[in-house]
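Line by line, the protein sequences are chains A and B. To convert, note that position 158 of the first sequence is 139 in this note's numbering; the numbers rise steadily by one, no gaps. To convert, note that position 414 of the second sequence is 395 in this note's numbering; the numbers rise steadily by one, no gaps.
Keep in mind that the hints were calculated from the coordinates and are not lab data. Just so it is clear, the structure is predicted and the values come from calculations on it, not from any experiment. For glycine and all other residues, C-beta sits at the position ideal for the given N, C-alpha and C. Among the clues, some could well be false.
According to the in silico footprint, chain B covers these stretches of chain A (three or more CB under 8 angstroms from chain B) [what the hints assert, rightly or not]:
hint : segment
1    : 2 to 16
2    : 81 to 93
3    : 106 to 113
4    : 201 to 209
5    : 232 to 239
Protein chains: 2
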Amino acid sequence: MARRRGGCCSRLPLNEDNARFCLLAGLILCYLMCGAAIFSALERPSELLARRLWDQQLANFTGHHRVSRKDLHMLLRQYEEANGAGIRVDALRPRWDFSGAFYFVGTVVSTIGFGMTTPATIAGKIFLIFYGLIGCAATILFFNLFLERIITMLAYIMRWCHERRLRRAGVGGSSGGEEPHSEEDSLEGWKPSVYYVMLILGVASVLIACSASTLYCTMEDWSYVDSLYFCFVAFSTIGFGDLVSSQRQRYEAQDAYRLGNCLFILMGVCCIYSLFNVISIIIKQTLNWILAKLACPGHCCSCPLRQQRLKRNAVQPAPSHCPAGRHRYTDASVETVCDSETDAGAGPDGAYGVGRRLSGEMISVNDFTASNKVSLALLQKQLCETAHQGPRQSQARHNGFSGGVGAFAIMNNRLQETSVDR
Amino acid sequence: MARRRGGCCSRLPLNEDNARFCLLAGLILCYLMCGAAIFSALERPSELLARRLWDQQLANFTGHHRVSRKDLHMLLRQYEEANGAGIRVDALRPRWDFSGAFYFVGTVVSTIGFGMTTPATIAGKIFLIFYGLIGCAATILFFNLFLERIITMLAYIMRWCHERRLRRAGVGGSSGGEEPHSEEDSLEGWKPSVYYVMLILGVASVLIACSASTLYCTMEDWSYVDSLYFCFVAFSTIGFGDLVSSQRQRYEAQDAYRLGNCLFILMGVCCIYSLFNVISIIIKQTLNWILAKLACPGHCCSCPLRQQRLKRNAVQPAPSHCPAGRHRYTDASVETVCDSETDAGAGPDGAYGVGRRLSGEMISVNDFTASNKVSLALLQKQLCETAHQGPRQSQARHNGFSGGVGAFAIMNNRLQETSVDR
């Protein structure tokens, strides 16, 4: 692991990573600028209209009732303060009975934070900080474990479908001695495409949001668009609080509605969290692609340093035999999509694709496994045996590593491989 | 990778993972219940007081000005609606000018969602859904890349400190032929402790929160506790919106304050996000420990199934030579802490600890590398060569894998290793 002192190119991957980080920061800034301009254009007229309307309503009231502006402003300030304690003209559910407090802590640990209920006492505020610190961390872990479970499940299902498809194709085609072997091989190297996973999660999210919206439409008398907007705001944990479900004092079938509300929000948050993470893989691929384009615009790199960097950190534009729209990187983190080409048309021999890929100096673990066709089961056995025997064996991954969870899986990678990277 | 059909115990790791997931869900539920009870006890009296106060204020006003309750309620409802459009008695900054909209989109993509500004038009609401989908995913990627950068940096600094300490100890002690070798070895296997990383991130978060609170105290006239509370709520992306910075129409040094506000929130969110993720590692370790205790309470497991499970998924109670409070797992995701024992007192020979660890059937990658002392640089070269030559080599990790980011690093693990796990 003492790669740090290994050579001049050992520091380059960090630069690559930093470049990606800075590029992303720049792009997000642009995205924010554009968003601000668009929202400003969309909402500014409505704001001015609302202000005019309110001024008129205020003028009407003071004119009609001969109340001084000053007194009225005083009352409205008092009302604002009462609002902060969760009081409205139309009675809402109590804020701090057990069920209200439960809803509140749910919005805290999930970081939704609608703000329909907020602690008013100093003790409550201080307790919130410590409560939230543990609660939010536990919920992040929960979301990451959920992500792990859902990806495992999806991969299992998709693998099963892929297996069935292959078997059918095997029945339809020639059943020589070579056929079953290559079929098994392509299954071994097979992984689900990140695009399919995104599609499935997207569909699931839309289904949950639509079902929840139907419920909210009926129970809260919101329009369907408002309900969908609420669902997105709640599920993405933004939680503005302009619309909050289950706030009235009484509903029909109140307990069932409250339970349904909680379950929908829980499912929605988990699904959208997974979806965000899958989308962020694709964003990262795009960043890698942009970086590769920037480092090597059009023609083959003339700068030796750049070439070295490309070789070293494996962000490479797609070779010519890569299907359009999909790009190959030797970066293992994005390799998944490439490998899924087996599924996406390259045929059962797609798993043999390593021979075609050796344009980069390094190959990814995925490629390596796919090309070598070593069953992990066998490998683990071997690994276990060699570990008992002696040193100087090559390093290997086994599925204990799959226990890594979420955002900190990378941290473990980092903590483990930092000395390699820098 | 065709481990799925390999034997009866191939399904057990899933059960282990599921058990961890269910245990966490149960614990979070208990945590929510306790939190709800405590908050309810803390805040209920204040709510009742606020309600009595408001009723009295309302009675005073109607009594004094001879305004009917009905008319007043109508006005207050109108005021609530105006509130939704961002209108207050005391003039606030315009909601939807460019800077206001920029603040708004910042709270969207970071999922803080204060709710001080919310889209009122249907077009704005629909646009928000699509805008937030990309924006939140990009920001999750940003946070994960930040996490990766910060962990890399911390590990680098801590490694440097550790190196210096070792070198000093080397100068002070005997400088035989064995000494420098074992020193280098312990550096090779060395990784920073997750507890130290948590401590550093915690201190950084507290420093940022305190500096920001001092700023808010001065500029917003909040109390220091309120400012700290606001910092936590904003940095953790809960974003209630009961307190929101930079909302008045005018401040002294307004532009500088707005910039400072944005920077503090950005730094705070990144730090707290990293802190949450580090804490969640520790929570996961605790879960593993609880699961191990549940599977093997006190005495050595009598049930053969349990024993098999323990062997297979490597959640094991600490062996007797493990320092108190720290537990060894062969699960690589938590191995980091164990390996850091090199740093935490086990001495330079800690990296040789594999011999002591072989109580489980499987060993982790970390153990394996640490014991085998193969420089990753060499390994990669080897890997590269063998890839060009032929099949049936063992599978290996190289540092392209370190490009995996955040929550989806695990997804790549999942997508890659699912067929092993199930």
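Outcome of the hint check:
no.: 1; hint: 2 to 16; result: holds (count 9)
no.: 2; hint: 81 to 93; result: holds (count 11)
no.: 3; hint: 106 to 113; result: holds (count 7)
no.: 4; hint: 201 to 209; result: holds (count 3)
no.: 5; hint: 232 to 239; result: violated (count 0)
Figure legend: structure checked against the earlier numbered hints; the only hint not met is number 5.
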